[in-house]
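Chemist: Modelling step: build the complete structure from the supplied sequences, incorporating the hints.
Each protein sequence line maps, in turn, to chains A and B. So for the first sequence, numbering that gives the first Met the number 0 puts the first residue at 0; every next one is plus one. So for the second sequence, numbering that gives the first Met the number 0 puts the first residue at 0; every next one is plus one.
A couple of the hints might just be wrong.
[Claimed, not checked] Derived lysine to aspartate or glutamate pairs resembling EDC-like cross-links, with alpha carbons at most 16 angstroms apart:
1. A:Lys177 <-> B:Asp108
2. A:Lys205 <-> B:Asp106
3. B:Lys177 <-> A:Asp106
4. A:Lys240 <-> A:Asp304
Hint data in this document are derived by calculation from the structure and do not stem from the laboratory.
Protein chains: 2
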Amino acid sequence: MTKLAVVAFGGNALLRAGQRGTIDEQEANVTETCTHVARLIEKGYNLVIGHGNGPQVGNILLQNQAGFEVHGVPEMPLDVCGAYSQGLIGYIIEQQLRNVLEAMNLDRDILTLVTQVLVDKNDPAFQNPTKPIGPYYTQEVADQKAAASGDVFKEDPKGKGWRKVVASPVPKVIGNRKSIEKLAREGAIVVCVGGGGIPVFYPEPKKLQGIDAVIDKDLASSLLATQINADEFYILTDVPKVYINFRKPDEKALNVVTIAEAKQYLAEGHFTEGSMAPKVRAAIYFVENGGKECIITDAGELGKDNAGTRIVK
Amino acid sequence: MTKLAVVAFGGNALLRAGQRGTIDEQEANVTETCTHVARLIEKGYNLVIGHGNGPQVGNILLQNQAGFEVHGVPEMPLDVCGAYSQGLIGYIIEQQLRNVLEAMNLDRDILTLVTQVLVDKNDPAFQNPTKPIGPYYTQEVADQKAAASGDVFKEDPKGKGWRKVVASPVPKVIGNRKSIEKLAREGAIVVCVGGGGIPVFYPEPKKLQGIDAVIDKDLASSLLATQINADEFYILTDVPKVYINFRKPDEKALNVVTIAEAKQYLAEGHFTEGSMAPKVRAAIYFVENGGKECIITDAGELGKDNAGTRIVK
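Modeler: In structure tokens form, the structure reads like this:
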């Protein structure tokens, strides 16, 4: 039976350090990542692709703020900016992957879905928003905006100013998960859950609504992999393996890790928050909830024997 | 057998005269249109929804220009701005339609697809670009930009300044048309081909690429309806029927029109360019290429007996 895999593109699949985010940069980066992902497709995998949107939605928020200042264009809320970014990034991935596959004479449909992800308004994350988004403001302007909107602003630790912060709640249900699974099992490659999905909730029964929040994209892809019963879950990053004692004299690359070991390494502080730690947590979530194995690796390693770090039961 | 229909949302489904385009305005307008569209779903139709993006992509272009001016955020080309708008509008339609259907206890999947549409680089439209897009510039700035980019700028007839103009080529192939048909025939409501689709072409074999152009959204929806073998094609607008001698003493609403009659009315200049004329042409295209009938009407008429103007063979 054909294996179904979810691949979560890392930030560097789209944008590299020092790049400003032109369309040419993003297309070239995506093409490179797709060249590697194509090896899984060549092996016959059914595939669903998730991706982040941090720098892109950051730019979109700046465009929104400037569009209002300069032209009076109404600013869109964060959930809608996330929808912009799903269109943007999904289009780039679909087009570049299509070109890569055509060059390899691989004929597969590629579909890009705008994806909403349900969160719980009672998630404790909403009591303590921590994710900074959008432009930097002076304390005075931030105070005015906070008073007018109820938004929360916090000072940047590096002193660059004050920024709005939002919650990062746990994703609960991936919108259209059944259709995503069906399409993928029928052979289509589905690009979805971009930026961790557009966070939505039910303010009242039968009424879905967007909410100011960001969902961790690895956790959302992990939930997706679980909810579509994927066999394997790949988390792409910019290192070939996960390390303990990273960048210390006794640094050690991990080949196979059980979830018990992974939890212990997490507790011992081996993995950086905001970087490797959420990826390892996403891997644990997948394997604890029925997944066979999660592979954390660099795209360049995909399809090779013993690629990356395998997190298993 | 269940009927398959394509419904092309009109501009007023999203934005009304005098509105600036806030998210609240757009959500309220879409909800109203979806309430009407739901009557077709209640009748058991399989449905694909297309939509325009004129005012939205206009705002996105202004946001892009201002984002570069104020923050140095790289400007995205028109095809990518179209992708932004598909995310934005698709998200709004999917969410509001879902809420409308849930309130009616109608259980249907709704999927929003980012859609590329193939055009021909040799389309004569590229020799004479006519569609103004984006910000107004002084003649001096427009000349500088034209020299730097090769873009074409034309003076606004009302004297508001100079704007970039792009081609409006004929759409040739709707991306993912087979998957769209399959999903819709299996009961999912598919939102796609937003803004007429993202125009793409092959600069070389096996290499798909975006191109600076806008595709007429009614024509793209008509091509979609043809290529997915839809039974009926609805073009929503802000009048209940098509009229000849519109707003003259001998104005007459049309109930049933053959394509021969429609062509004659077009030739006689009964329909305004940029408004009813492209809708009638889109209707003719559908019926001439195998469609049973096209209905041009106001959303409020949907599902009523003798609703709108029916264009038939």
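Chemist: Evaluate each hint against the coordinates.
Modeler: Here is how each hint holds up against the structure:
Restraint check for A:Lys177 and B:Asp108: the C-alpha separation of about 9 angstroms stays at or below 16 angstroms, so the hint holds. Under the criterion of a C-alpha separation no larger than 16 angstroms, the hint pairing A:Lys205 with B:Asp106 is consistent with the structure, at around 12 angstroms. At most 16 angstroms may separate the alpha-carbon atoms for a hinted pair to count; B:Lys177 and A:Asp106 meet this at roughly 14 angstroms. Taking the CA atoms of A:Lys240 and A:Asp304, the gap is about 13 angstroms. The hint holds against a cut of 16 angstroms.
Violated hints: none; the structure is consistent with every hint.
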